[in-house]
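**Q** Quick note, the sequences are listed as chains A and B, same order. Mapping of the first sequence onto my numbering: position 9 corresponds to residue 9, and the numbering continues sequentially without gaps. Mapping of the second sequence onto my numbering: position 297 corresponds to residue 297, and the numbering continues sequentially without gaps.
Note that these hints are calculated values from the structure, not bench results. No experiment lies behind these values; they were computed from the predicted model shown. Wrong hints could be hidden among the right ones.
Because identical chains share one entry, a pair is satisfied inside a single copy or across any pair of copies.
[Unchecked claim] Straight-line C-alpha distance at most 30 angstroms; calculated DSSO-like pairs for lysine-lysine:
{"hint": "1", "residue 1": "K371", "residue 2": "K31"}
{"hint": "2", "residue 1": "K31", "residue 2": "K71"}
{"hint": "3", "residue 1": "K131", "residue 2": "K353"}
{"hint": "4", "residue 1": "K129", "residue 2": "K71"}
{"hint": "5", "residue 1": "K71", "residue 2": "K371"}
{"hint": "6", "residue 1": "K55", "residue 2": "K243"}
{"hint": "7", "residue 1": "K353", "residue 2": "K55"}
{"hint": "8", "residue 1": "K353", "residue 2": "K71"}
Residue strings, one per chain:
Protein chains: 2
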Amino acid sequence: MQIERSPLARPFPQLPEIAGVTLRIARARYKEWDRCDLTFAELAEGTAVAGVFTKSACASSEVELGREAVKAGRARALIVNAGNSNAFTGHRGLEAVEQIMAQVAGHIGCPREQVFVSSTGVIGVPLPKDKARVGVEAALHAEPCEWGDAAATIGTTDTFPKGAGASAMIGETRVELAGIIKGSGMIAPDMATMLGYVFTDADVAPAFLQEALERANTATFSCITVDGDTSTSDTVMAFATGKAGNARIESWDSPGADAFAAALADVCRNLAHLVVRDGEGAQKFITIRVSGAASDDSARRIGLSIANSPLVKTAIAGEDANWGRVVMAVGKAGEPADRDRLSIAFGGVWAAKNGLPVDDYDEAPVAAHLKGDEIDIAVDLGLAEGHATVWTCDLTHGYIAINADYRS
Amino acid sequence: MQIERSPLARPFPQLPEIAGVTLRIARARYKEWDRCDLTFAELAEGTAVAGVFTKSACASSEVELGREAVKAGRARALIVNAGNSNAFTGHRGLEAVEQIMAQVAGHIGCPREQVFVSSTGVIGVPLPKDKARVGVEAALHAEPCEWGDAAATIGTTDTFPKGAGASAMIGETRVELAGIIKGSGMIAPDMATMLGYVFTDADVAPAFLQEALERANTATFSCITVDGDTSTSDTVMAFATGKAGNARIESWDSPGADAFAAALADVCRNLAHLVVRDGEGAQKFITIRVSGAASDDSARRIGLSIANSPLVKTAIAGEDANWGRVVMAVGKAGEPADRDRLSIAFGGVWAAKNGLPVDDYDEAPVAAHLKGDEIDIAVDLGLAEGHATVWTCDLTHGYIAINADYRS
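Here chain A stands alone, though its shape is the one from the complex:
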């Protein structure tokens, strides 16, 4: 099946070069396709690494090894395989990953544990070791490529390549950040996400990088959903080469720490939005702002309950300001809520306030808002100060077509 480019797609941005990062791509031919499907990012000596990974109880070997190896805080290489997730493949899958790690480590001359591997695609088929060996060998010796090439190569059912950049001042030193991501379906990261990578030339201690990444993740990747289905391979990693020469960021007290964290969160948010924009079958990008909840965490869970509700998502697809379905989704979230304090707005217009439909509710501006492709839903719980913003897309015939036709 030919999937058309998402109507919500964005052009690939101009991204800065990151000193200490060299990108290469190659063909491992994991599937019968005429495209590169293996990405190799070589990282300068001393690169700090951080990562957040899927909480799935059925995570892939790549995830298990990566989660363990980030603790040491150092990376020299990243390999991403597209077309085969190598998840649920037991010891055979594990052997393939270990082979790749050894092959790359031998080439670079680094400890095996500093080679990180991710795989994405079909579940349950061991990554073929012969194809991996040939693909890695080709990648090791390929010409360096651009961000857009790497972003396209890590994609699978994605309909457009996704990247985002930012910069920050640390003292007098400007540092650059560039990130790429893939993801379209099976998107409901819970404290983790699809495959996403952020690279920076900043000098950042691994522990701080991890902390800043986790903080950014909580407010970005963990606040998006396409279909409520959490992948077995979700991974977001950050690599900091230190080549910018800034005064090293060791903690939140270091000069520039806040600016760097903000830039990192900015890149993560932009990448997360791009995944929603490529949500399978998506026609509308939906922002759900929850306020007045018992806590920020409670607000996020209520937002995700709304964002994951098929009845809310189909209502938006049908351009129907069906706030009754929003009430339903708040009610089922299992979080503190008081029916008689709940207020709901579409596009800034309150449809219900304090548990009652608004008497002089004017549906005309709301109807106009819903015809657009950027939909805004606001929910106020009226309980406390907890707030969160969650992003999702609508649920359309396109989603069914993509997923009922997809062949495993």
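Let chain A serve as the given structure and place chain B on it in line with the hints.
**A** Using the frame of chain A, we list chain B on its own:
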């Protein structure tokens, strides 16, 4: 939009008369439709009542009042309004329910608290008191009707009327049970469900009736899902008139208690299945058997995670034995699972065992099984003895058409 009768529909069964129950229907004209939409069940003096209700934090006044009133254990009447759920309507909605209770209680000559009211339909529109008054008055004086008429009258987007019956021997006395239910979308009862009512002529103490209903509910209504969306009005009630003249069932030690509970669970299971068979857009009825889990409760949650996964549901719609998506849904359930002990079967054929694809997996019989409209998925966790069975339907273009076109 004209919704066609579900291809999984069942003919309405022959149900026994229940001594002490008189059914009547009338037109309140809550919507612009040419059909009865108000159901009145009059119950003999001394009728015991039990109920389980939605856990939604945004439950309707009907649910709040009913939940409180069942504690007294006695009922004389049930009124069901179709076409307006009266949920999220604040004090105006509450007034409408209190008016109905007073009107019926005055007619029968019973305490107001023994009149139970349910409403189903659009959320956020106060039930019009004038229409309710006229409809109730008509129902109070209508000719008695059959089970099939009542089942059709409580329905909204249902494509067929749903009922189930059973009988049980209590000592030498045969008791009869008859149940009706409505539901098609917004179906993900969690310890509660859509609108369902079971009537019996058995003499049962209210406390035991409540206990037996809760136990039946846990294994039936709480094990079905259509779309993962939990309604604001979910209600299941049981009424026992005591007219059969059996030795009263007071506890699990009473003679016939197990037989009665089994018959009640049987009716509940059949009613629950009928709701799934009328799931919006459903083309296939899916049974998910989970075994080897850490506990029965854990098994149920894993089953529901699979049943609620849009990727699993669309794969079944596409007749694809995509067990990788089942792995994903097990992994995201947040329950104890060990990837390397997990086994998955379709139609009795194991596709994966102990964390690995089965080497000589024969896809032909599985493909044939998936072409049918009764799909069986088995998942064994390999951890302990916990097991549960969950039922759902597939996710098709029909679901999108129904819910993106629906107007609130």
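**Q** Now, for every hint given, state plainly whether the structure supports it.
**A** For each hint, the structure was consulted:
no., hint, result
1, K371 - K31, "between (39 angstroms within a copy, 27 angstroms between copies)"
2, K31 - K71, "neither (33 angstroms within a copy, 62 angstroms between copies)"
3, K131 - K353, "between (60 angstroms within a copy, 25 angstroms between copies)"
4, K129 - K71, "within (27 angstroms within a copy, 65 angstroms between copies)"
5, K71 - K371, "neither (47 angstroms within a copy, 48 angstroms between copies)"
6, K55 - K243, "neither (33 angstroms within a copy, 55 angstroms between copies)"
7, K353 - K55, "between (37 angstroms within a copy, 22 angstroms between copies)"
8, K353 - K71, "neither (48 angstroms within a copy, 32 angstroms between copies)"
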